[in-house]
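Protein chains in written order, with this note's numbering: chain A, 1 to 193; chain B, 1 to 449; chain C, 1 to 532.
Among the hints, a few may not be true.
Below, computed lysine-lysine pairings styled on DSSO-like, alpha-carbon distance capped at 30 Å [what the hints assert, rightly or not]:
no.	chain 1	residue 1	chain 2	residue 2
1	B	K387	C	K127
2	B	K163	B	K34
3	C	K127	B	K422
These are calculated hints, taken from the structure and not from any lab test.
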Amino acid sequence: MAWITENRRTATVERRSEPYLTEEIKAGLTAKYFPRYPNKRAVLLPALHEIQHAYNWIPVQAMEEIAAFLEMSPAEVLDTATFYEEYWLRPKGQYLLQVCRSLSCEICDSRKLTDHLIKKLKIEEGESTADGRFTLVELECLGACGTAPVMLINDVLHENLTVETVDELIAKLPASANDYHDPAVTWDEGDGH
Amino acid sequence: MAFNEPVLTKRIDADPGKRKLHFYDDYVATGGYKSLRAALDMTAADIIKTVTDSGLRGRGGAGFSAGQKRSFIPREKKGLHYLAVNADESEPGTFKDRYLMDYDPHSLLEGVAITALATQVDVAYIFIRGEFHHEIKVTEQAVKEAYQKGIFGQGGIFGSKHKLECYVHMGAGAYICGEETGLLEALEGKRGWPRNKPPFPAIAGAFGRPTVINNVETLCCVPPIIERGPAWFKTMGTPSSPGPKLFGMSGHVNKPGVYEDELGITLDYAINKLSGGMKGGKHKGTICGGISMGVLGPEQLDIKLDFDDVRFRGGCLGLGTAGMIVMNEHTDMIRALRNCVRFYAHESCGQCTPCREGSAWMKKILDRILAGEGRARDLDMLLELEKSQGIMPGTTICGLADGTAWATRTFVNKYYEEFAAKCPEERPTQMGIKRGIRNVTTPMGSNTR
Amino acid sequence: MPKITVDGKLIDCKERQMVLQACQDAGYKLPSYCYHPGLSIPASCRICLVEVEGIPKLVPSCQTPVRDGMVVHSRSPKAVASQKQVMEYLLINHPLDCPVCDQAGECSLQDYSYEYGRSQSRFEEDKAKKPKKDVGDNIYLYSDRCIMCTRCVRFTREVSGTSELYVDGRGYREEIDIFPGKPCNNKLAGNVVDLCPVGALLDKDFLFKQRVWLLKQTPSISPVDSGGENIFLEYNNGVVYRIKPRYNAEVNGWWISDDTRYSYKIIQNEKRLKSAFKKEHGSLTKTSTREAFDFAVAQLKSLAAQSSGSLYAMLSPMMACEEAFLLGSAIRAIDPEAVLILGPVPSAEEDDIFRHSLTGQQTFVIKAEKVPNAEGIRRVISQLGGPSANYNELISGNNPLLKNLKGGWIVGGYLSNWIKGALPAALATGFRVVQDILPTTLSESADVVLPGAAWAEKDGCWENYAGKIQPFAAAIVPPEGITREGDLYLALLGRTGVYNAQAIRKEMGEPFAAVSLPTEHVQAPAMEFAEL
Chain A
1 MAWITENRRT
11 ATVERRSEPY
21 LTEEIKAGLT
31 AKYFPRYPNK
41 RAVLLPALHE
51 IQHAYNWIPV
61 QAMEEIAAFL
71 EMSPAEVLDT
81 ATFYEEYWLR
91 PKGQYLLQVC
101 RSLSCEICDS
111 RKLTDHLIKK
121 LKIEEGESTA
131 DGRFTLVELE
141 CLGACGTAPV
151 MLINDVLHEN
161 LTVETVDELI
171 AKLPASANDY
181 HDPAVTWDEG
191 DGH
Chain B
1 MAFNEPVLTK
11 RIDADPGKRK
21 LHFYDDYVAT
31 GGYKSLRAAL
41 DMTAADIIKT
51 VTDSGLRGRG
61 GAGFSAGQKR
71 SFIPREKKGL
81 HYLAVNADES
91 EPGTFKDRYL
101 MDYDPHSLLE
111 GVAITALATQ
121 VDVAYIFIRG
131 EFHHEIKVTE
141 QAVKEAYQKG
151 IFGQGGIFGS
161 KHKLECYVHM
171 GAGAYICGEE
181 TGLLEALEGK
191 RGWPRNKPPF
201 PAIAGAFGRP
211 TVINNVETLC
221 CVPPIIERGP
231 AWFKTMGTPS
241 SPGPKLFGMS
251 GHVNKPGVYE
261 DELGITLDYA
271 INKLSGGMKG
281 GKHKGTICGG
291 ISMGVLGPEQ
301 LDIKLDFDDV
311 RFRGGCLGLG
321 TAGMIVMNEH
331 TDMIRALRNC
341 VRFYAHESCG
351 QCTPCREGSA
361 WMKKILDRIL
371 AGEGRARDLD
381 MLLELEKSQG
391 IMPGTTICGL
401 ADGTAWATRT
411 FVNKYYEEFA
421 AKCPEERPTQ
431 MGIKRGIRNV
441 TTPMGSNTR
Chain C
1 MPKITVDGKL
11 IDCKERQMVL
21 QACQDAGYKL
31 PSYCYHPGLS
41 IPASCRICLV
51 EVEGIPKLVP
61 SCQTPVRDGM
71 VVHSRSPKAV
81 ASQKQVMEYL
91 LINHPLDCPV
101 CDQAGECSLQ
111 DYSYEYGRSQ
121 SRFEEDKAKK
131 PKKDVGDNIY
141 LYSDRCIMCT
151 RCVRFTREVS
161 GTSELYVDGR
171 GYREEIDIFP
181 GKPCNNKLAG
191 NVVDLCPVGA
201 LLDKDFLFKQ
211 RVWLLKQTPS
221 ISPVDSGGEN
231 IFLEYNNGVV
241 YRIKPRYNAE
251 VNGWWISDDT
261 RYSYKIIQNE
271 KRLKSAFKKE
281 HGSLTKTSTR
291 EAFDFAVAQL
301 KSLAAQSSGS
311 LYAMLSPMMA
321 CEEAFLLGSA
331 IRAIDPEAVL
341 ILGPVPSAEE
351 DDIFRHSLTG
361 QQTFVIKAEK
371 VPNAEGIRRV
381 ISQLGGPSAN
391 YNELISGNNP
401 LLKNLKGGWI
411 VGGYLSNWIK
421 GALPAALATG
431 FRVVQDILPT
441 TLSESADVVL
451 PGAAWAEKDG
461 CWENYAGKIQ
471 PFAAAIVPPE
481 GITREGDLYL
491 ALLGRTGVYN
501 AQAIRKEMGE
511 PFAAVSLPTE
521 HVQAPAMEFA
531 EL
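Produce the complete structure using the sequences and hints provided.
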């Protein structure tokens, strides 16, 4: 309804009483990232990543809190957050299936994977399943063209995929995404400095 | 000129099954950090001279002299200097930096440390694209080790007076952050809108301070150059494009993957010798260096893959990242071009009018052609629009739009007949209305709400 | 000083100036959208690309510094082709709704379209559809008309420092927006509407009120505070429709406050006094200005005859200096010992200071003193000499001069009710002639009420806080029944002829004599249409 004026002026934001940017997250950001950059503003990308990591998406309220924390205007946080595709400003499923659609993958039939997943999960590209388990998106080049077609499931890259291996992968996903890790990371991921 | 041994990939086994991630101990055991120790005994000017003498050209796409880039950093230091490592590898067809970070992260860190010595850098940021989750973890671990081993940190590089901090900065999904000033904006927490130049980053880069920005592969070339000298480096490659190069082979080849060889090998060699020949049919075209460089046609297998031949004889923008997407005879070139243009329409940062509007327009035209509604003048339109975009004609701030332009230019011209078949001359129908033209009877803008 | 040649014309430039700005200063227009001299230079719209001899590429003139001897071509085939192409790009998704667009007539898109555009679009795909948004108490954003020049966003970051506006998304999908529920309501917000080169940002107050080509401009000064912001009154058929900023490097730069922008509303205030009254049998009765005036003069004269020093004139800081001078002189002609009182000078607690959101540099100040001419009235009172006082003394009653006052001429003219609380004792008694534009408890209890003219209806000058005396001109005539103050005071002085601010300033001597209206000013939209 393009002729209707969107009321942004008095639009209300869904809120909860406890903050998203908890004291713990703040302390973590302060300790790890503040020393890295000459100003607070530069911590915005890490802060958004941190929130997304904690809540699986970035609620509007959280961006307001980040703005206050980094001493900038909430609109500037949105300015940055909406520019980058990796930030989810709406909730997404527990498992984010990202199928690469760029040229190498396309000529290696990545579209078949997407079409298969659309049928299998009964959702369109860009949508989430009703149970909140999966979200399916296509995205531009994942930088793994030599093993096309590829798909990211959360943090883990899967290469040389076929419809069959995709089915297998999905069947093997643990019940909780918290138990799903990159099998190649065998070292302790603590922060060293 | 000959390529006798792997240089950048000397720690990476050719057999994918035997490849192994080299952390600090393995790295040092295989000769790692020798160059850094050697560099500590050199003056900054000497390091720069050595790199300049080697003729090393940037491996990130533009092919600018790496030594010269370093020499732009002010000698007289008035505040912090930064180094930004460009690991925002997002150009379709390119996956070489991922490969280096996956298996040999310390060679990058050694290159970082040597470059920092040469340009008096205080802080290095390794900007890795957000989708490279694994590579971020690997690099962070390597950085952590380097801190523990006294390379980074306030103790000074191996106890010397040169102090260097090094951090991994995670991108968040925007191709434009691979453009060096877009990267700097992202580093500063802003949207990755490329900056106007001048001032160049070497004078006012990250946080307004002098900044060197280098690609991962470029930095990985630095330790071997320091170790074995510029003369050795120049035994590989061509006089104007010396050195080894990682070639990313993907698409319709039997053995896709990253291969190291010298600059100046032919496309034929790359396809048939390196990556096991064509798969599924005859060669039709190869994107030669990431999609922004354009496509080499079926008859161009003799083109030498270096920074000049691809450009002057190949009719493409350049070698770019040497990420080859090989396409066989069954590939629909219109679909392939649509994929490229869609990429640019999707990734355009939206700052400059020609790129923002032009790429989206061209995508819509290609969508329509693919939907069977093409007509002859669409091709003229595409070729006209393509000319108005890019840093080469000067109509945009950065080079993203050149990608749209060169992809379109080379695809349409080299496969004109294929395109023309989908874009027939308009012919009157019974109604007297020309085929495929939807708004011909209504004036401009009537299809707005 | 470097000299450059642009399209064959020799142009004198300042050091380090950009080509576009040098051309603008020399009166040679190059097309531009995103460039604004008061903001940072993104060089992103690309309409201003020109050819420079010796550089193979086109360069953006807005961010190419001049070099002595530089030869620039803005009308060469290559440059014009680029300008045309950019125009085409900007128009492909721009709706053709000029007939209902407020910006039509002063729209850069229209102007350049006329010069560089095509009569027919070659864009046959579907246009992108973007919503209309309510983004501020006074501002609408019609996103589909937006060309993403980002002037508005830069303004909120670099001038108002409030950063309410931002760019949402990227590429062809991007739009200007606000954080939900955090509207663009800063005190300078209206400037983003002026900045918008197209009809994307619209002033709710002006929306659909008037076609801009019917408007005429008169240079004026802001009446809302002592800053003395330079403005244009834009009016048609005797009605002021809007106020636009007038560039003055020393005072307000390119900007004005929203208080200034909407101050014209006082002119159209429904409650405005439009006829004279005089007290008869204890109540105010409507009468003609002439009769009320004669009555007032007779009364004042008889009071003065009884004892010297019994009259006063309360000079309002809303009055023009010329008017204050005439009234002061007139009251002294009746009673040489009459006291001149400076009226109330309302003030907010402190100045509103605006800063660049990143650098912290001060960019704009809204003065705390909420009247335009306190300085000027002080200067006039001191030039006239003799007994004087101010409003605070009138309230406190501390000044012995004020003990014997029997009657006076009180001028208001404030933009809102200026009598706060009960009437001060000194104003509650005696014979009082009140001249004001809005009714107050004072005018209700006065003996004679004379309706005043608003600043847009008369000529004069005001002195701002920094001592800068700035003239303003009448844009419209006062409503029927109102005689301009200047003419009344001339009559009070017994002089003939009509009030002429420039002539009065000559009489007043320096520094007023040197003040004159700017002879040249930026004209309203270039095209002239006959009024229908």
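Please verify whether B/K387 and C/K127 have alpha carbons no more than 30 Å apart.
22 Å, holds
Please work out if C/K127 and B/K422 have their alpha carbons no farther apart than 30 Å.
The given pair, whose Cα atoms are some 24 Å apart, holds under the 30 Å limit.
When you check the alpha-carbon spacing of B/K163 and B/K34, does it fall within 30 Å?
18 Å, holds
In summary, the structure agrees with every hint in the numbered list given earlier.
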